[in-house]
Amino acid sequence: MSDNPHPVIEMRDVTIGAMNDPAFVMLEKVNWTVAPGEFWVIGAPPYSGKSDFLMTTAGLIPPAGGCYKFCGNETRIFDESRLADRLRMGFIFETASLFHYLTVAENVALPLCYHKNLDPGQGAEAIAELLELTELKPIAGVTPANLPRSWSKRAGLARALTLQPDILVADNPLGGLEARHVHWWVHFLDELSRGHKYFGGKPMTIIAATDDLRPWRGGNRRFALLKDKHLVPLGSWDEAILSADPLVKELIAAPAEAVESPR
Amino acid sequence: MFLITVQGVGAFALITLAVILRKINVAPRVIHPIIRREISRAGIQLLPMFLFVAFVLGFLVIGQTVSVAARFGAFDYIGTVMVTVVVRELGPLLAAVLMLARVGTANVIELGTARALNEVEALEAVGIDPIHYLVVPRVIGMTLGVFSLTVYLILATLASGYLCVFLQNVPLLPGDYFQELADSLSWLDFALLALKTCAFGFFIGIVTCYHGLAQPLRLEEVSRVSVRAIAQGIIVCVLIDAIFFILYLHA
Chain G
0 MSDNPHPVIE MRDVTIGAMN DPAFVMLEKV NWTVAPGEFW VIGAPPYSGK
50 SDFLMTTAGL IPPAGGCYKF CGNETRIFDE SRLADRLRMG FIFETASLFH
100 YLTVAENVAL PLCYHKNLDP GQGAEAIAEL LELTELKPIA GVTPANLPRS
150 WSKRAGLARA LTLQPDILVA DNPLGGLEAR HVHWWVHFLD ELSRGHKYFG
200 GKPMTIIAAT DDLRPWRGGN RRFALLKDKH LVPLGSWDEA ILSADPLVKE
250 LIAAPAEAVE SPR
Chain D
0 MFLITVQGVG AFALITLAVI LRKINVAPRV IHPIIRREIS RAGIQLLPMF
50 LFVAFVLGFL VIGQTVSVAA RFGAFDYIGT VMVTVVVREL GPLLAAVLML
100 ARVGTANVIE LGTARALNEV EALEAVGIDP IHYLVVPRVI GMTLGVFSLT
150 VYLILATLAS GYLCVFLQNV PLLPGDYFQE LADSLSWLDF ALLALKTCAF
200 GFFIGIVTCY HGLAQPLRLE EVSRVSVRAI AQGIIVCVLI DAIFFILYLH
250 A
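So the sequence lines, in the order shown, correspond to chains G and D.
Just so we're aligned: 125 in numbering that gives the first Met the number 0 is position 126 of the first sequence, and the numbers increase by one with no gaps anywhere.
Just so we're aligned: 50 in numbering that gives the first Met the number 0 is position 51 of the second sequence, and the numbers increase by one with no gaps anywhere.
It should be emphasised that the hints constitute simulated quantities derived from the structure, not laboratory data.
Certain hints may be false.
Just so you have them, the derived chain G footprint on chain D, three or more residues with Cβ under 8 Å [unchecked claim]:
hint : stretch
1    : 27-38
2    : 108-119
3    : 124-132
A partial selection of chain G residues facing chain D, derived with a Cβ cut-off under 10 Å [said to hold, decoys possible]:
hint : residue
4    : A83
5    : L86
6    : I91
7    : F92
8    : L97
9    : H99
10   : V168
Stretch by stretch, here's where chain D covers chain G in the computed footprint (C-beta under 8 Å, at least three residues) [claimed, not checked]:
hint : stretch
11   : 53-62
12   : 104-113
13   : 116-128
14   : 158-166
Just so it is clear, the structure is predicted and the values come from calculations on it, not from any experiment.
Note that beta-carbon positions come from the ideal geometry of N, C-alpha and C, so glycine has one too.
Please take these sequences and the hints and turn them into a complete structure.
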């Protein structure tokens, strides 16, 4: 746990608009506190606003209303003046959103080279280590168009970790992955949460959204649900499975496709 | 709608200028190779096409001029016509339109697709300013590209113009032809040519990048946005040309 007395993220009556149409309210009256080192799993069916929620959490889109505090400081969006805060947070997009004109290695290296002003060769050692850690080394020279979805997401994870963030926000990281990859992700995120030696053993705060709670069972995680435009905290896994909410039961019991609902 | 677009493009141009000036020393080892790549894309790689167009343009302008001048024996005006038509008007405008078609279109599609696939948000997520990484290299590349290619286009057009004169057996020696050209040119032509071509390149870059980046896009909207950007790019070029025409008249 961090010595920082403030919660990492604090939302009070926050309203969240859609990224493509900020006037369209996806979530409202969100009250949520994330302490340093916590591992949150946010369950939500597709089109319930989880991407918009996570992007607001990561400071990529401003909240449409309410008070959002990052490490005790009220924030709307991480602009130039909040670059240091921005770099404390890694973000994994649901579709990975790798830069299509760069190879996997270049995608992973770009944040490091940009912020440290390095030639591509200079950061090679650190990047090679990260690629090794995420098993991406054999496909380091491949461009995103030629990558299977599972490996694109893995590259998105490596890119998010390049600058060794304190907080990792992952948008549906297990969506569409093969079983082997699902297992790897859950195990790896758990290691990060406990404190991975590559990152100096410091526990990482993790927030992951999902449309299927089953792979996340157990562990020292906290769960919440996005339902009817609200965030509903569920507590630990043991508390979550006791919930009488039909949506929780569906997310725990059924494949994701079964709970899909239009916006 | 028109005013909103003008306001948006104007604000985008000012932001881009501010980023160019403010971040000139930010991540040069990453940004400078991208600028060099853009200069190559918007300059060196287009040179063969521009030389071909210049060759054709020289033949067309001189061919028509000679056929008219022959009726009056007014061969002394060939140089003046070349300077007025090619150096002041047709050369820069043609270079700008070709740049818009070849590189501007690619710009909107690339940036629009990147926007639709959340690549712009991905840049922001790793703390990289999309204007600095995506727009500044393109705008610099296109500004230098239009300027340099216009110079080559004009030189090649003037040379191919004399080739046309020679093939048509017009009694005009090379020395006389180039002397006529030199006499028709003034310092103002060079100054305004440089300013005009840089303005063309800068605003083509701004308009195309603005339409690719400024609004959240879906993939299916990219083609519509591309068409709009090219149409507005042409309008901007014509407006800039009109402003410089007025400057010529009052100079």
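Worksheet item: If you take the shortest Cβ to Cβ gap from G:I91 to chain D, is it below 10 Å?
Response: holds, 9 Å
Worksheet item: With 10 Å as the cut and Cβ atoms as the points, is G:L97 at the interface with chain D?
Response: holds, 7 Å
Worksheet item: Quick check: the stretch 27-38 of chain D, covered by chain G? Criterion 3+ residues, Cβ under 8 Å.
Response: holds (count 3)
Practice prompt. Given that the stretch 124-132 of chain D was listed as covered by chain G, double-check it with a C-beta distance under 8 Å for 3 or more residues.
Written response: Our answer is that it holds, as 6 residues pass the Cβ test (under 8 Å) against chain G, meeting three.
Worksheet item: With a Cβ-Cβ cutoff of 8 Å, does the stretch 104-113 of chain G contain at least three residues near chain D?
Response: holds (count 4)
Practice prompt. Count the residues of the stretch 158-166 of chain G whose CB lies closer than 8 Å to any CB of chain D, then report whether that count reaches three.
Written response: Holds: 4 residues of the stretch 158-166 of chain G have a Cβ under 8 Å from chain D.
Worksheet item: Quick one, is the G:F92 hint okay against chain D at 10 Å, beta carbons?
Response: G:F92 check passes; min Cβ-Cβ to chain D is 5 Å, inside 10 Å.
Worksheet item: Does G:L86 meet its interface restraint, that is, does its C-beta lie within less than 10 Å of any C-beta in chain D?
Response: Because about 5 Å separates G:L86 from the closest Cβ in chain D, which is inside the 10 Å limit, the hint holds.
Discussion item. Cut-off 8 Å, C-beta pairs, minimum 3 residues; does the coverage of the stretch 53-62 of chain G by chain D stand?
Written reply: n = 3 at 8 Å, threshold three: holds.
Fill in: Within 8 Å of chain D (C-beta), three or more residues of the stretch 116-128 of chain G
Contact hint for the stretch 116-128 of chain G vs chain D: holds, 3 residues under 8 Å.
Worksheet item: Does the CB of G:H99 sit less than 10 Å away from some CB of chain D?
Response: Holds, about 7 Å.
Worksheet entry | Agreement of hint G:V168 with chain D interface, Cβ distance less than 10 Å | Where the cut-off is 10 Å and the nearest Cβ of chain D is about 9 Å from G:V168, the hint holds.
The structure shown violates none of the earlier numbered hints.
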